[in-house]
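Spelled out, the chains give:
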Amino acid sequence: MSTLTQPRSGDAKTSGSYLRYELLRLLRNRRFFVLSLGFPLILYIFIAAPNRNVTDFAGTGLSAPLYYMVGLAAFGTMSSMLSTGTRIAAERAIGWNRQLRITPLSSRAYLRAKVLTAYLMALLTIGLLFASGLALGVRLPAADWVSMTLLILVALIPFAAFGVLLGHLLTTDTIGPTMGGITGVLALVSGTWFPIGHGVFYQIARLLPSYWLVQASHVALGGPAWSTLGWAVVVVWTLVVGALAVRAYLRDTQRV
Amino acid sequence: MRARGLVKTFAAPQGPVRAVRGIDLDITPGETVALLGPNGAGKTTTIDMLLGLSKADRGDVSLFGMSPGDAVRAGLVGAMPQTGGLLRDLSVRELVAMMASLYPRPLDVDEVLRLTGLRAVAGQRTQKLSGGQTQRTRVAVALVGNPGLLVLDEPTAALDVEARRAFWATMRTFASRGKTVLFATHYLEEADANADRVVLLAAGRVVADGPPNEIKARVGSHTIKATLPGVGTDELMRLPGVTGAERHGEAVVLICSDSDAAIRQLLAAYPLARHIEITGAGLEEAFVQLTGGDEGNAEVAVDDRSSGAEELGR
Numbered sequence: 001m002s003t004l005t006q007p008r009s010g011d012a013k014t015s016g017s018y019l020r021y022e023l024l025r026l027l028r029n030r031r032f033f034v035l036s037l038g039f040p041l042i043l044y045i046f047i048a049a050p051n052r053n054v055t056d057f058a059g060t061g062l063s064a065p066l067y068y069m070v071g072l073a074a075f076g077t078m079s080s081m082l083s084t085g086t087r088i089a090a091e092r093a094i095g096w097n098r099q100l101r102i103t104p105l106s107s108r109a110y111l112r113a114k115v116l117t118a119y120l121m122a123l124l125t126i127g128l129l130f131a132s133g134l135a136l137g138v139r140l141p142a143a144d145w146v147s148m149t150l151l152i153l154v155a156l157i158p159f160a161a162f163g164v165l166l167g168h169l170l171t172t173d174t175i176g177p178t179m180g181g182i183t184g185v186l187a188l189v190s191g192t193w194f195p196i197g198h199g200v201f202y203q204i205a206r207l208l209p210s211y212w213l214v215q216a217s218h219v220a221l222g223g224p225a226w227s228t229l230g231w232a233v234v235v236v237w238t239l240v241v242g243a244l245a246v247r248a249y250l251r252d253t254q255r256v
Numbered sequence: 001m002r003a004r005g006l007v008k009t010f011a012a013p014q015g016p017v018r019a020v021r022g023i024d025l026d027i028t029p030g031e032t033v034a035l036l037g038p039n040g041a042g043k044t045t046t047i048d049m050l051l052g053l054s055k056a057d058r059g060d061v062s063l064f065g066m067s068p069g070d071a072v073r074a075g076l077v078g079a080m081p082q083t084g085g086l087l088r089d090l091s092v093r094e095l096v097a098m099m100a101s102l103y104p105r106p107l108d109v110d111e112v113l114r115l116t117g118l119r120a121v122a123g124q125r126t127q128k129l130s131g132g133q134t135q136r137t138r139v140a141v142a143l144v145g146n147p148g149l150l151v152l153d154e155p156t157a158a159l160d161v162e163a164r165r166a167f168w169a170t171m172r173t174f175a176s177r178g179k180t181v182l183f184a185t186h187y188l189e190e191a192d193a194n195a196d197r198v199v200l201l202a203a204g205r206v207v208a209d210g211p212p213n214e215i216k217a218r219v220g221s222h223t224i225k226a227t228l229p230g231v232g233t234d235e236l237m238r239l240p241g242v243t244g245a246e247r248h249g250e251a252v253v254l255i256c257s258d259s260d261a262a263i264r265q266l267l268a269a270y271p272l273a274r275h276i277e278i279t280g281a282g283l284e285e286a287f288v289q290l291t292g293g294d295e296g297n298a299e300v301a302v303d304d305r306s307s308g309a310e311e312l313g314r
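Residue numbers (the working numbering), protein chains in the order written: chain L, 1 to 256; chain A, 1 to 314.
Just so you know, these hints were derived from the structure itself, not from any lab.
There may be inaccurate statements among the hints.
Stated by the list, open to error - What follows is a set of in silico ranges between Cβ atoms, one per label pair, in the way DEER data are often shown: (1) L:T174 / A:V17: 21 to 31 angstroms; (2) A:P16 / L:A93: 21 to 31 angstroms; (3) L:R112 / A:D110: 25 to 35 angstroms; (4) A:R172 / L:T172: 37 to 47 angstroms; (5) A:N39 / L:L116: 55 to 65 angstroms.
Stated by the list, open to error - Negatives, chain L to chain A, calculated, CB over 10 angstroms: (6) I45; (7) A93; (8) T117; (9) R251.
All C-beta atoms in this analysis are idealised placements derived from N, C-alpha and C, irrespective of residue type, glycine included.
One chain only, chain A, in its complex shape (with noise of 0.2 angstroms):
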């Protein structure tokens, strides 16, 4: 799968919204990529553009060599969106046997419905059944057309821990038959426990994409405390290896990510600090220094990646 320069903007009444800003994105064939973001971080606006549900304003999308519409003509997606409700008047088993039917190549039925754990509700008609096994239901609706790209939007918000487990255990089983899952998510534990991959995106943009521990050590592994008075965070930001300053009162919190770089240079450039103390942050950590919530500490932490589609962007 490649994308690039991809812009979608939105008429909204209170002025155009921008959600996708120009994101370049390959995955390859085999990959389990996890598109990371907070809520409006334009993982669906990307997510339909990839899938060629809505059209991109700018950029290009191809689906194994070919447009969307062509590959999913071909049988070659499968996806399950945010949301979304199941046909009415068919069982579970009916349902998932009409789905195999309309692909060229469908998994077995009965090893779908055993795969996704819904084998005692085969027979129930899909208005009668709970939250998860509904869930599970859409999950084996997505998976039984053996797609080659599966993607899912926010796979996991309508379940328990277990039957969280249960649904990255069946993807685990899929993606090891050489299949590409791509989805998004806003649990970073989710991201990192389940992906080779992780696309990190903040207002419309790719802010970090790389393995999930790498994206660790590039975007703010450890955050640096010190009593620091009198130096404005613009200078602390200044030190190399740092990705993000804030001060509360005396002290300061410098999030790194290079903290043996920015220690070195702290000593050297402000003697004065006081009662240091280097700690690791976790993804947790980096994802709110780098998504923040508004677009200024969005761009804080840009590496070369993505200020390359930022350029795009513009």
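Chain L extracted, bound-state conformation (with noise of 0.2 angstroms):
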């Protein structure tokens, strides 16, 4: 009965502890993790290490290790996001979801878990690419790092709600070439390869949140990174995707 009177400290402690399991998970899970950790980093080396000189690329007046550094982190951390759905996905095929609805482990404990472990992946993400930018001479003061760090965290939240509506909507059949589709596009569209001039495609671009992703770098110019569109843009995508994520939820578990 004392679960009852104190359902805050259990459900506490089931998160907790489901998160911890979660996390041995993934590590054991080495191929998804060095592979998940290893494809932006090299691609990084491959395209920043000959430009390690560009101090203004393209126009944008930051240097190409540092413009790339954010950029593929951009392209790394949406996958770790979305990688949140194909966990979910190959647990709803076997049955395991029904498995943990029957078990004190409350819905929302069970997303927190897979959404932390997701941002667990992206935090490591971006770790190795800054180390990496830093290795390739990325100077900036240390609060800029921490506000591109804070800045690529906030716009990833829209994609941790993606990745749970893909896990609810995808079987495992489909979810791997439709997230790789879906990163390779919002990657190249949102500037991570090339800067986004000023057309139609940056109309489109700047009305995603990947784009903002991107823009996280311009902390090094001084000023704000994100204009008021930028938050704006965050805050709308994650309300509607985080509607629709809870809405496949809701549909999965009442279905039979």
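Starting from two chains that each stand alone, build the complex the way the hints lay out.
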């Protein structure tokens, strides 16, 4: 009966222990772990190392190593967040989500563990890329490193919801190509590989949260990296995708 | 556990499927109850509603005096769904320990591993287990939370004879601690051998409910075979103690709940009946008679309790 009178502490306990096993599973799945961390890192070194002396990349005022560092952090962290979907789809495929729903673990704690695991992957990706940037000569005040990291983490919130949404909509067969496609297109139109000019692409891109991920590098120019539009885009996408994710979750749990 | 007037209908391309048509069920703590029925009788649908995994269209369920959701959150419920795999990338011990950590008063992990015969493979990753080991791990996962109510949907479907025996030994140990166990099965012998009580489902309704031997006595404990031309099965069905009648050429077969009453009346009403044979029937025959596959047969042998359920379903 103690769990009924203290539901919050019980929830925190189950939530924490579930997260612990979730992380253990992440580390055990070595192929996934190494590939998702290694892929953006290798791309970064291949692209940024030959251009390490470009100080004003494509008129942005940013050095090429800095621009690509954040651009590939955007690419890598988006993949980290969407990988939640792969994990959820795999658990749904074997009916593990049903098994968990007959335990005291709340759906909130379940989803929280999934999102925190994705955020841990994202932080590792950021850490590896920033360290490589440092090695390639990126120099910034400490405050800029911190605010870039924070902006990226904020812009990832809608992607956390997107991962949960995809995990409940798609099956293990379809989620891989879908995620790869989405990440690839978003990275391209948001400026991971080259800055977006001022045409139609720009008008579309700046309404995407991934664009603002890449824009986090603009802290180096002094002044705020994000305009009001940037914040609004992230908030609106968070609310819309968040609501869709909740709906997909509820629909999935009501189906037999 | 208490369920009242459960109804569940699914939409399907060929029209709505009335999976559950009005089920009442009371289970008192400590009982081991078998939910017996053929495929499509509504066992899994009923279990899903009892566990709060799906919502009934009509009717109420309470577990330990609360809603299924609250009982699940309080850690009072453990379940093993009919199908399902195990989470990858953990050892058997880690997976069982993880489930234990989600419950407020779990059993000792080592004790559960011993009880389910998993000690030898405790260190193995779950994706490397054999079919039988996987099934035993699923049992361990359902048990380790030390739930007051354990629900198992066709738990032995994937097991060989030896593993089945071991499984039931485990369940008896668990039930002996005052736990309530509800299991769905379509094996009659299994219900007979392992349950205190059998609830027989057919076409989404409870058609019989009682101790296994009482069910046998009540619904077709004996059959009477006789050669009796020219009498319709409708007339024979009106004899006292007869729950079913079939004709095979000149021969008739009467399935009886009270063969003594039936034979007296049969001879009185039809003195021409010859070659009379009375045989005891097992639960198997009762089962076939009651659940015969289609709805018409299922309604042949309604007793007092199930006719109540039937009214609720309409």
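Evaluation of the provided hints:
no. : hint                                : in the structure
1   : L:T174 / A:V17: 21 to 31 angstroms  : holds, 27 angstroms
2   : A:P16 / L:A93: 21 to 31 angstroms   : holds, 28 angstroms
3   : L:R112 / A:D110: 25 to 35 angstroms : holds, 30 angstroms
4   : A:R172 / L:T172: 37 to 47 angstroms : holds, 38 angstroms
5   : A:N39 / L:L116: 55 to 65 angstroms  : violated, 42 angstroms
6   : I45                                 : holds, 29 angstroms
7   : A93                                 : violated, 8 angstroms
8   : T117                                : holds, 12 angstroms
9   : R251                                : holds, 12 angstroms
Hint check: violations occur at hints 5 and 7; the rest are consistent with the structure.
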